[in-house]
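S.K.: The residues making up each chain are set out below.
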Amino acid sequence: MENRIVAAMAALGGKKEKAFITYLTAGLPDLEGMKELILEQEAAGVTVLELGIPFSDPAADGPVIQAASYQSIKQGTNVRSVFQAVKELRKEGLGLPILFMLYYNTVYHYGLSDFVTSCIDCGVDGLIIPDLPKEEQGELSAYLERADAPVLIQLVSPVSKERIPLIVEGAKGFIYCVSAMGVTGQGGSFHKELREYLSAVGSHTNLPVMMGFGIRTAKDVLPVADLIDGAIVGSHFVNLLMESGYDRKVAGEYCREFKRELHAVV
Amino acid sequence: MSEPYYGEYGGQFVSESLMNILQELEVAFHAAITDTDFLKEYHYYLKQYVGRPVPLYHANRLSEAYGTKIYLKREDLNHTGAHKINNVIGQILLAKRMGKKKVIAETGAGQHGVATATGAALFGMECTVFMGAEDMKRQALNVFRMEMLGAKVVQVTSGSNTLKDATNEALRTWAKYAEDTFYVIGSAVGPHPYPRMVKEFQRIISVEAKQQILEQEGRLPDVVMACVGGGSNSIGMFAEFLEERVRLIGVEAAGFGIDTGKHASAMALGKPGILHGMKSYLLQDFDGNVALAHSISAGLDYPGVGPEHAYLKDSGRVTYACVTDEEAMAALTELCRLEGIIPAIESAHALAYAKKYAKEMTAEQVMVVCLSGRGDKDVHTVAEYFREK
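Top to bottom, those sequences are chains A and B. Going from the first sequence to the working numbering is simple: count from 1 and add 51. Going from the second sequence to the working numbering is simple: count from 1 and add 1315.
Keep in mind the hints are simulated off the structure, nothing from the lab. Think of the CB as a built atom: it goes at the ideal place given N, C-alpha and C, for glycine as much as any other residue. Be aware that one or more of the hints could be misleading.
Unchecked claim - Partial list, computed: chain B residues near chain A (C-beta under 7 Å):
#1 Ser1473
#2 Ala1583
#3 Leu1584
#4 Asn1604
Please take these sequences and the hints and turn them into a complete structure.
M.R.: Written as structure tokens, this is what we have:
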């Protein structure tokens, strides 16, 4: 079977539609509630779902995701329980591509080979590991060569510059462009050279270019809509869920609204 | 350029935003330490400002009590009261050379924060120090000192509110402002080239000690001992002895005891993991979350350890031991009474193991112990500890 992320991105590309990815901290409000939220987002037409595996020291995350992560750990969420939940969702027929966003220690502690095997068994399609830059990926990549292995999403930053060709070479799925320096959830303050940077990434790859960090509404990405293939919303969505008491309807409506606005401009 | 790994440990496990910055730092660092003008300036400040060389003191009464000849490398006599300033002078001179106007630092006990605030004042830089809320309580005096020196102290209230969380927050801030901000890391930890850089700027400890012991004893010591939290005073103390036939011992904090689970001995019970940009021994729970360290000493209260130490442990070149809060406090008291020196609780860990290890040594053998800092900052903690006993 083709990787779900690769397939979903290709399908959108064919229709000239933008992709929309949302981020959830796994285990909130609890594992069952999380499963319902995921199903709701599939229904709302989200392209890929990013599940943040909580970690004690989320050094790439801002206060919103830190707090969510802490809360989820306190409730006992761990990577094994999230694997299990995804496996159950797949059994129930979930087709939505699932990405794990997690820190390298979680993968390393689990065991690289076992981790990749669990991804395959449970239906996890991709990985985002913010503290694993290109230079450190060798060890894990050796286990990702199997055709059914999850794709490792490559991150590019506004200051990557001459590193861009190195990073995008051999990349799969899509390229994740962070909109600003620093951590997740800084709200709308994008890097001053954002356009130049996104163009540079686009010129080095045929993969879809996705932008994330600090995005709240589709309006935030309008100035660069011509340069990207879609948007990723993390902290804002996590916050919205927290404030609404993890209301499925709020989650679904937000996703539909974002997609509508995103396509209204294209 | 130098190798980012020590065996399987070290590396650069940071966000992509920092990779170019680390590269720039590495280039600047290598250019600096091979530049005689830079080294001249570094040594000028060590001599005229920090007060080096510091003595290698033959602790006569302590030697008698412990049964072997003990020399103390008096890092406590440095300006600001600990070895931390050696590294800060080096890194701030490097920051200046790179044209950075702002520095940030993390601190546990507050010694590195005070040293960074001092260096920033000396060279006219803006300084922000991240400190865990818990540590701010334990080390209120150092918070006040940093503020007097013009630094802004940011209280960190995430995770365990201690050094590891302060380091996370410093890393987050650095990832955002790295374009004009230099991160002064205080221990031999973090992504490459930090562990190497900190070792180079702390090497002065053993450069002096080696010369001093040869002057006083006419030979190298049998044993060199230092406490290990992240491992900066110890790596500096070991550096010049690594290639010599000298037994090297690092002493970690065993807190309430290794078996209680409340300790900070990454190498006694940790397994390799990734935190703060490096792969090294790390205390973790069953799920791979970082476990909380415990030590009465804020400076040793860290769940990881510098990657070169992890390598030196595996290779067997350095032996790592640990002592409990109780043993450290007893040794602290003994040094006060026998030598009229109030050591930092961190340094007292090395003294406590020196006492144990001396039992295996003869009266003629020689041991050098790194007295990494003075205990003024700990008086409150000490008072509370003995009141509760």
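S.K.: Next, verify each hint and record whether it holds.
M.R.: Quick rundown of the hints versus the structure:
1. Ser1473: This interface hint holds because 6 Å falls under the 7 Å limit.
2. Ala1583: Alanine 1583(B) check fails; min Cβ-Cβ to chain A is 18 Å, beyond 7 Å.
3. Leu1584: 15 Å, violated
4. Asn1604: Holds. Min distance 4 Å.
When the structure is compared with the earlier hints, violations turn up for hints 2 and 3 and for no others.
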